[in-house]
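Visitor: So the sequence lines, in the order shown, correspond to chains A and B.
Following my numbering, the numbering of the first sequence begins with 1 at its first residue and continues without gaps.
Following my numbering, the numbering of the second sequence begins with 1001 at its first residue and continues without gaps.
Which chain A residues stay away from chain B? Per the calculated CB distances, all over 10 Å, these:
{"hint": "1", "residue": "Gln5"}
{"hint": "2", "residue": "Cys13"}
{"hint": "3", "residue": "Asp78"}
{"hint": "4", "residue": "Pro104"}
{"hint": "5", "residue": "Ile117"}
{"hint": "6", "residue": "Ser120"}
{"hint": "7", "residue": "Asp121"}
{"hint": "8", "residue": "Gly210"}
Under 10 Å between C-beta atoms, here's a sample of chain B residues computed to sit facing chain A:
{"hint": "9", "residue": "Ser1182"}
{"hint": "10", "residue": "Ile1183"}
{"hint": "11", "residue": "Tyr1219"}
{"hint": "12", "residue": "Met1223"}
{"hint": "13", "residue": "His1247"}
{"hint": "14", "residue": "Asp1248"}
{"hint": "15", "residue": "Ala1251"}
{"hint": "16", "residue": "Ser1262"}
It should be emphasised that the hints constitute simulated quantities derived from the structure, not laboratory data.
In this text, a Cβ means the ideal position worked out from N, Cα and C, and glycines have one as well.
2 protein chains.
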Amino acid sequence: MLRIQSFDDLRKCCEKMIVKSRLAVAAADDEHTLEAVLKAQKLEIVTPILVGDSARIKTALANLGFSLNDFVVYHTSDNIEAARVAVSLVRDGKADFLMKGSCPTRDLLRAVVDNEIGLSDKRLMSHCTILEIPGLGRLIGVSDGGMVPYPDLMEKKAIIENAAAVFHTFGNDNPKVGVLTSIEVVNPKMPETVEAAKLAEMNAQGEIKGCIVAGPISYDVAMDPETARYKGYDGPVQGDADILITHDIHAGNILVKALYCSANSKLAGFIVGAKAPIVVSSRGASAEDKFNSILASAASLG
Amino acid sequence: MLRIQSFDDLRKCCEKMIVKSRLAVAAADDEHTLEAVLKAQKLEIVTPILVGDSARIKTALANLGFSLNDFVVYHTSDNIEAARVAVSLVRDGKADFLMKGSCPTRDLLRAVVDNEIGLSDKRLMSHCTILEIPGLGRLIGVSDGGMVPYPDLMEKKAIIENAAAVFHTFGNDNPKVGVLTSIEVVNPKMPETVEAAKLAEMNAQGEIKGCIVAGPISYDVAMDPETARYKGYDGPVQGDADILITHDIHAGNILVKALYCSANSKLAGFIVGAKAPIVVSSRGASAEDKFNSILASAASLG
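Isolated chain A, as found in the complex (with noise of 0.2 Å):
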């Protein structure tokens, strides 16, 4: 498999790909998510079921043009039971991923981690982030922006692992990770520098495997070869790092939403670690930025 540079390199995979997934909508009412699902249909790349009030979904796909009857729905009363019926779906193999609709998203994931129902798989869930920033040439992803506010070493572990495997679907064996933080030695005033150093070694030692950890390691060494030249950063990521992660969930957040806001990327989100991907695009994300959410994780289904 070649490795996936762009969204545009990944749709071409997923278009490929024999069997088409099964996603499973849960309150599908919301106009831009049946946007990227219909557009991820027409590509092959999905077959859509729709979960959610009927009449609600009826309208919104007559908003864009489709009728009902072209869908399998199941009709559910309220948001809660939209989403134990999307993730019920997954559970049982009647679909082999998720997407959140116009239901919050901790309806969803109550869901999820519901001990009879859920999706739950004794790993850590994070949030991935895939960034496609333009003229780099490469997907970037970060983690964790959205789901573990204030994740300890071993949770550090675990998200590094999710953003991981997800590369590896991607086609990238080894991706090269960047622990941030603002500088690149060791503080022990900081403990973000001390578990990023951590991180790092524990890579080094085996203890992290399909990765290459470099930490602490601040944006500019760790996505600008040139400036880990000029500061002579002895380490395995020069610039080229794959996946950033961030010692907090506002760290995260800032640094993907200035990506995203203020550097022109394009965007999927998705939540790792659990059974299937679950798509949990904010209300905030366009058609497009859920279809790509679709793609990264139709494509991490593998």
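Since the structure of chain A is provided, determine the placement of chain B on it from the hints.
Guide: Coordinates of chain B only, in the frame set by chain A:
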């Protein structure tokens, strides 16, 4: 005074100043630094005072086509002495502001905080970055990504006041400040959101003056009017923030460097809160960054 919207505006303003600012450069044997200082001198923005090893300064000047004889030079035998002499020049009224050359930032700051010769002003010193993001049409301040590691509530208040004071000198009497987190609602489990709300409240009650403070607020709501509208965010900052405050030094540093490396922004940075602005551009900074830092700090002298 017109509001300054770009580094070009800032240059034009500085060129119009009748009295040139005197800039003391500590360890002035760095070529990028000298290049920036010489450009500012040519534009009649500053009168440089070069402090450091005169032989090394002579060599660096010669590489740029200049002679030592054309400058006021204070010879010193090492970085620590260079820092102390440069700081003393400002303290004694012989220079107006200060710039780091080839010496480590910590050497310069040790002299700055020295009780006898230093420039401490009883206020918190913080680092303020000024960014010109392509297409945005206004300058953005980010603080603190370089000086205060983990500011508490009152330190964040001081950081806001320091950054607002810079924007006042840029002709913006009431800059809009976004205290960034990952969400717009207060979550008691996330102290950063509680503090952001408290800062907005202190501003509303007149305890933080000369600016408009909103928080907690995420980057996209602070910077993108469309997202603010779509999310129905109810606050005084609606995608039109001038100043962004981060909860810790790592987040600030990541944000600044993402905007610089991945969004083609132009950048200036200096320390505010001492008796004079202090330019401490990093080793990796270009001559252009350093020139912009001279512009911004010269303008902030008022």
